[in-house]
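**Q** If you want the building blocks of each chain, they are given just below.
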Amino acid sequence: MLRGVAAALGRRALQAACVAFAVGALSFLLVRLLPGDMALRIAAGRYGYDLVSAAAAEAVRAEVGLDRPVLAQFLDWLWRLARGDLGRSLVTGETVASEIAHQLGATLTLALAALLLSVLIGPPLGFAMGLRPGGLADRIGLAVSAALRAVPSFVIGIVLIVVVSVRLGALPAAGHGEAENLVLPAATLALGLAAVSSRVARDAMAAVRASPQFAFARTKGLGEGAALIRHGLRNAAVPVVAWLGVQLAALVEGVVVVESLFAWPGIGHALVHAVIARDVPMVQGTALVLGLIFVSLNALVDFACLALDPRARPR
Amino acid sequence: MHRVLAASLACLLLALPCLAAAQERVLRVVSPWEITSLDPSRAGYVFTRMEVAETLTGADDGGLPKPGLAASWQVSGDGLVWRFVLREGARFHDGTAVTAEAVVGALERARANPGVLGNAPIAALSASPGAVEIRLSRPFVALPAFLAHSSTQILAPASLDAEGRVRAVIGSGPYRIAAIELPQRLEVARAETWAGTPPAIVRASLLAAGRGETRAALAESGQADLVFTLDPASLERLRRNPRITVLSVPIPRTIVVKLNAGDPLLADTRVRRAISDAIDRAGIARAILRNPEAAATQLFPPTLAEWHVPALAPLAHDPAAARASLTALGWEPGSDGVRVRNGVPFRLSLRSFPERPELPPIAAALQDQLRQVGIAVSVAIGNSSEIPAGHRDGTLQMALFARNFSLVPDPIGTMLADFGPGGGDWGAMGWSSPEMARALDRLSAATDPEERARLRGEIAAILQAELPVLPIAWYEHTLAASKRLAGVSLDPLELSYRISAMRWAE
Amino acid sequence: MSRAFGFALVLAVSLFSAIGPVVIPADPAAQDLSAYLSPPSAAHPLGTDHLGRDLLARLAHAGRLSLGLAVLSVACAVLPGVALGLAAAWRGGLTDRVLATAADMTMALPGLLIVLLVAGLAPGRIWPLWLGLSAALWVEYFRLTRATARVLLAAPEVEASRLLGFGPLYILRRHVVPALAPPLATLAAFGVGGAVMAIGALGFVGIGLRPPMAEWGLMLTELLPHYHEAPWALAWPALMVFATVFGLQLIASESAQGAGESPR
Chain A
0 MLRGVAAALG
10 RRALQAACVA
20 FAVGALSFLL
30 VRLLPGDMAL
40 RIAAGRYGYD
50 LVSAAAAEAV
60 RAEVGLDRPV
70 LAQFLDWLWR
80 LARGDLGRSL
90 VTGETVASEI
100 AHQLGATLTL
110 ALAALLLSVL
120 IGPPLGFAMG
130 LRPGGLADRI
140 GLAVSAALRA
150 VPSFVIGIVL
160 IVVVSVRLGA
170 LPAAGHGEAE
180 NLVLPAATLA
190 LGLAAVSSRV
200 ARDAMAAVRA
210 SPQFAFARTK
220 GLGEGAALIR
230 HGLRNAAVPV
240 VAWLGVQLAA
250 LVEGVVVVES
260 LFAWPGIGHA
270 LVHAVIARDV
280 PMVQGTALVL
290 GLIFVSLNAL
300 VDFACLALDP
310 RARPR
Chain B
0 MHRVLAASLA
10 CLLLALPCLA
20 AAQERVLRVV
30 SPWEITSLDP
40 SRAGYVFTRM
50 EVAETLTGAD
60 DGGLPKPGLA
70 ASWQVSGDGL
80 VWRFVLREGA
90 RFHDGTAVTA
100 EAVVGALERA
110 RANPGVLGNA
120 PIAALSASPG
130 AVEIRLSRPF
140 VALPAFLAHS
150 STQILAPASL
160 DAEGRVRAVI
170 GSGPYRIAAI
180 ELPQRLEVAR
190 AETWAGTPPA
200 IVRASLLAAG
210 RGETRAALAE
220 SGQADLVFTL
230 DPASLERLRR
240 NPRITVLSVP
250 IPRTIVVKLN
260 AGDPLLADTR
270 VRRAISDAID
280 RAGIARAILR
290 NPEAAATQLF
300 PPTLAEWHVP
310 ALAPLAHDPA
320 AARASLTALG
330 WEPGSDGVRV
340 RNGVPFRLSL
350 RSFPERPELP
360 PIAAALQDQL
370 RQVGIAVSVA
380 IGNSSEIPAG
390 HRDGTLQMAL
400 FARNFSLVPD
410 PIGTMLADFG
420 PGGGDWGAMG
430 WSSPEMARAL
440 DRLSAATDPE
450 ERARLRGEIA
460 AILQAELPVL
470 PIAWYEHTLA
480 ASKRLAGVSL
490 DPLELSYRIS
500 AMRWAE
Chain C
0 MSRAFGFALV
10 LAVSLFSAIG
20 PVVIPADPAA
30 QDLSAYLSPP
40 SAAHPLGTDH
50 LGRDLLARLA
60 HAGRLSLGLA
70 VLSVACAVLP
80 GVALGLAAAW
90 RGGLTDRVLA
100 TAADMTMALP
110 GLLIVLLVAG
120 LAPGRIWPLW
130 LGLSAALWVE
140 YFRLTRATAR
150 VLLAAPEVEA
160 SRLLGFGPLY
170 ILRRHVVPAL
180 APPLATLAAF
190 GVGGAVMAIG
200 ALGFVGIGLR
210 PPMAEWGLML
220 TELLPHYHEA
230 PWALAWPALM
240 VFATVFGLQL
250 IASESAQGAG
260 ESPR
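Residue numbers (numbering that gives the first Met the number 0), protein chains in the order written: chain A, 0 to 314; chain B, 0 to 505; chain C, 0 to 263.
Hint data in this document are derived by calculation from the structure and do not stem from the laboratory. Just so you know, even glycine gets a beta-carbon here, dropped at the ideal spot from N, CA and C. Incorrect hints may appear among the rest.
DEER-style ranges, computed between Cβ atoms [as the list claims (entries may be wrong)]:
no.: 1; chain 1: A; residue 1: VAL158; chain 2: C; residue 2: GLY166; range: 29 to 35 Å
no.: 2; chain 1: B; residue 1: ARG90; chain 2: C; residue 2: TRP231; range: 58 to 64 Å
no.: 3; chain 1: C; residue 1: ALA41; chain 2: B; residue 2: PRO318; range: 24 to 30 Å
no.: 4; chain 1: A; residue 1: GLU223; chain 2: B; residue 2: PRO241; range: 54 to 60 Å
no.: 5; chain 1: C; residue 1: ALA29; chain 2: B; residue 2: ALA464; range: 28 to 34 Å
no.: 6; chain 1: B; residue 1: ASP93; chain 2: A; residue 2: THR94; range: 23 to 29 Å
no.: 7; chain 1: A; residue 1: ASP84; chain 2: B; residue 2: THR268; range: 49 to 55 Å
no.: 8; chain 1: B; residue 1: VAL339; chain 2: C; residue 2: ALA29; range: 20 to 26 Å
no.: 9; chain 1: A; residue 1: THR94; chain 2: B; residue 2: GLY88; range: 35 to 41 Å
no.: 10; chain 1: C; residue 1: ARG2; chain 2: A; residue 2: ALA136; range: 37 to 43 Å
no.: 11; chain 1: C; residue 1: PRO44; chain 2: B; residue 2: PRO241; range: 32 to 38 Å
no.: 12; chain 1: B; residue 1: PRO344; chain 2: A; residue 2: VAL158; range: 39 to 45 Å
Take the sequences, apply the hints, and build the full model.
**A** Next up, the structure:
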């Protein structure tokens, strides 16, 4: 088991390094290719627009080394990234690291709450449908799941806001701070995830029920419930958890859209603002953190798979 | 037995929110603007509007100065020395007294940083016990108005760290900061150090929500008590809501298009006039702003009675004249509908931002209206900081925003910032007029009412003729207030949310 | 049955997007500020939007853009993905490892982030969206091709063909491609659906396409404040996105179940 964990950790660590490199390279490309004078923008971010002058821009150019050869700049850029120096935001002048520190908690809370909610909704419903494949519940479930997957997440969010918040007045439409603020954004993300995980769970459960092990357990004399819990659930859980890993990409992407809609002060929201404002240090920092969150969540899924399925562990 | 237990648990859970509400109810304010920084010169208006920090003076609804941290002031005979006497017993939220030294320190910082005070001809600031003396280099009657601007707010010396950066906002107002989460949330609580009548509202919070639909949803669902800057479509719906009072006040703000008169395409006044003629202001006012009266006939709205000149020929909507004028200037219609002159197509870029919900649809409308006369406009809705950035590096061609003429309660403040010899981030670009410079100079010093009226008329006429910025529509400030609040009023100068004057209606 | 329904939906939307702009006389960008948000009428069969533009024309042009861009992005991801996957499977060794590492690096970032970063280069233009989506999507096709081809190339028939002297192109075409086509088609169908939604999400967030371009997600964003006074206006683009993606999913999931794989 331990060797499996070490192998998974190693793979994910390598992936994290790849994320850092990819984000750093893309951000550097952004800096080179964006129109306008980058040195002037950086200076204006630090001193404010009224105080910035050509002399200040030249000082920044020399300090940041914007007039050196491209390769030297790129290496320096990567070196700063490796040291953890994410620079200062061009819009607010604060360090990117401090801004992200504020926002990280909010995004993690949202992502984990959405995952939790989707795990509570999707697989149980899916398992129930898998018990009677082809039945009425299963067919309704297929239709609802397909419909949910065909609706963009921001439309789901808007419908939830209109129905739950405006018409019923039950939950806040936006904001951050109290537990009730978390429900609608997490639910918006969770519904999309649950739509897929419920189908995967249903298929896994149907496969288990049809499997010889399960038939044997029943022949032994175990009741359906006991047979399920002892022999079915763990087997059915493995593909569900594995598909959860695939869904993580959708989660991170969904976080970006949902944070914008619900004014949730997280990293996705910050990334969008930074891209619109061409605030490259902020773009780099937020994209990096989002990518690393993605890799970490994948690592967690790896561990869960290893814990659930002994066959996956190296001998 | 289980059922009884479950039922009582359910009752308890339902009762909990009521229990919570029985404690101090928080007044929830929602605005579109994020709190980008603690520094007064960047987002200081957040703290003055929430009445955490104070300025030396304030202004009444008519724009006339009224006392703030300064209880009274006098000016010397030659108009060069102003003496502001500080309010007795004023204290900062950390308990220290508001000293003249602290005030001078704050004003020096305001002068050094971006803000309006740089436009006032201040020569020196000095402190004496209980009073601050400001020495000017030439007479400037609008000084009290300039001292009402949020960038001049007075913070305690303990607010600054060793390098002089603001690390906490410690003001002297009726509310102190209880919690702050940049850039989105701010919580304030009644300050014990406030010597005046304690406000009825004990706790308040501010949430920054950039999307107009989100703000409307918050107002409609009752999740917020004061919601500012609503989009016109939601406004109509909110007016019909029995739990909400909608206040809508014309204010001294105009939606304008800033033009880069230094750009070869826009340098000719006749081209700018043709662009102005192509704009259907009445259509925009009706369809987008849902208020036909808002169509601008000149830069200053009628509410700015002193500056609005009724006799001025109104801006026209005449696409035919625009086309004729452009053709006469050598802009031939091209094959794809875009005019061409000497091989150069007439293409412009227009920048705007989404925090004011009317701006993106107006940008789309302007794009189409200019296309009808053969000018191709590409629209970029981004961050508002793109506009000063574009002004600074010269890449800006057109920008759409709502300009505040009561930046400082006397519009001369905005005039000096925008139309002085160098232009301004939110004003003229690549345009200068010696007549305008002279008129502004004389207006800053003149005290004779007749001469002031004449100078203001001259300024308005110059702007109407030369069009360095194009007026589009006059602006209305909007507020959706919960009917659970009493004493709600809307500040037309946007200096304060006036929370200290409100109370819960019970 | 549902697969046929899916085909019908996708076909209807595609025809509408392809032929609509040619057949419908109204100009999608022409505004009429005096007739904003008018309900369906003879002059405007689907009504007008908040600036008085004809919704039917805008919907058709938006279809061209949304659907066309999605199909183009997926096509430009499938071709290099398949080619590189075949190369990796055929050559093995260093080529395989280099390509697999490149794929892993791309997989390390969620697709939308890649698209956001690339779209930041030139907001409002089409090419960054297309480039970003292709860059994010090619990995799936690469991995599928590589995995399938590796298994197939180890089979005895391929060994026999090689011994007979047939070249790589023949072997790939004869042994690998037929087995590859069905799962590839499934993946591509899902991919197009996902791309349509991604383009819409970017438009919603403000980084995608800009006015006066008509795009379904952008239309949803623009019409959102008016959901109360003109809900029909909001319904049309939502229905179009839904019909497209739902139809594609019906096609894809049916064929996936037929092939015995788990639905995505």
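**Q** None of the hints should be skipped; say for each whether it holds.
**A** Against the structure, the hints:
| no. | hint | verdict |
| --- | --- | --- |
| 1 | A/VAL158 <-> C/GLY166: 29 to 35 Å | 56 Å, violated |
| 2 | B/ARG90 <-> C/TRP231: 58 to 64 Å | 59 Å, holds |
| 3 | C/ALA41 <-> B/PRO318: 24 to 30 Å | 27 Å, holds |
| 4 | A/GLU223 <-> B/PRO241: 54 to 60 Å | 55 Å, holds |
| 5 | C/ALA29 <-> B/ALA464: 28 to 34 Å | 33 Å, holds |
| 6 | B/ASP93 <-> A/THR94: 23 to 29 Å | 26 Å, holds |
| 7 | A/ASP84 <-> B/THR268: 49 to 55 Å | 50 Å, holds |
| 8 | B/VAL339 <-> C/ALA29: 20 to 26 Å | 22 Å, holds |
| 9 | A/THR94 <-> B/GLY88: 35 to 41 Å | 40 Å, holds |
| 10 | C/ARG2 <-> A/ALA136: 37 to 43 Å | 22 Å, violated |
| 11 | C/PRO44 <-> B/PRO241: 32 to 38 Å | 37 Å, holds |
| 12 | B/PRO344 <-> A/VAL158: 39 to 45 Å | 44 Å, holds |
Consistency with the previously given hints fails for numbers 1 and 10, ordered from lowest to highest.
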